[in-house]
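Visitor: Between the sequences and the hints, there should be enough to build the whole structure, so can you do that?
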Amino acid sequence: MGINHWPEGERPREKLLTLGAQALSDAELLAIFLRVGVKGRSAVDLARDLLSRFGGLRPLLEANQSAFCQAHGLGAAKFAQLQATLELSRRHLAAQLARGNALTSPALVRHYLRSQLRHLGHEEFAVLFLDTQHRIIRYEALFRGTLDSASVYPRDVAKRALELNAGAVILAHNHPSGVAEPSDADRRITERLSQALGLFDVRVLDHFVVGDADVISFAERGWL
57 MGINHWPEGE RPREKLLTLG AQALSDAELL AIFLRVGVKG RSAVDLARDL
107 LSRFGGLRPL LEANQSAFCQ AHGLGAAKFA QLQATLELSR RHLAAQLARG
157 NALTSPALVR HYLRSQLRHL GHEEFAVLFL DTQHRIIRYE ALFRGTLDSA
207 SVYPRDVAKR ALELNAGAVI LAHNHPSGVA EPSDADRRIT ERLSQALGLF
257 DVRVLDHFVV GDADVISFAE RGWL
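For the sequence shown, the numbering used here begins at 57 and goes up steadily by one.
Hints were generated in silico from the structure; no laboratory data involved.
Be a bit skeptical, because a hint or two may be false.
Said to hold, decoys possible - No farther apart than 27 Å at their CA atoms in a straight line, the calculated lysine-lysine pairs in the DSSO-like style are these:
#1 Lys-71 - Lys-95
#2 Lys-95 - Lys-134
#3 Lys-134 - Lys-71
Guide: Right under this line is the structure:
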């Protein structure tokens, strides 16, 4: 039976408008995104099938185009729509950060960095450049690949900070293994960057390591 024949209070779209998006299950939210089902399956049925196929919402949202489009009921148009939706979410988080002091919104900073880095299959080192009042100037990914003391160049980070007239920075990188625990190399990189940027009166406020479930802060551990 199609969703149109369901009781109004059980239809995902009407339920969202009445109770708010947080009241919906993953399958119901995905059904709204899908809009329609396939022959013999409602949009909610199809959503449940897809969540089962991919192993949950996150693997579905992070699937590459080839894997995504192979699933029944999906295709290139849906993939493009999903990527646009995810990018809108990231830009919304960035806009929220830009309106205020980054240090007064640590949870928002964590959420934003997780949205930028957690899904990547490679290591990426990024910097949030801040003004002297710790408001966001720009987020930039500067280095990619296996990170060690030889692959992250303090002079390049310092040069970019000066170009943007930054007064402080927040460093961030991900661990594709999913384990956020910082390595000795992570600590050495942070120390070298702090020393180099300090020569230009640019403070390193924190370094976040993004894992699968956790985001670890160097500042919270007393390492900065």
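Visitor: Which numbered hints does this structure break?
Guide: none
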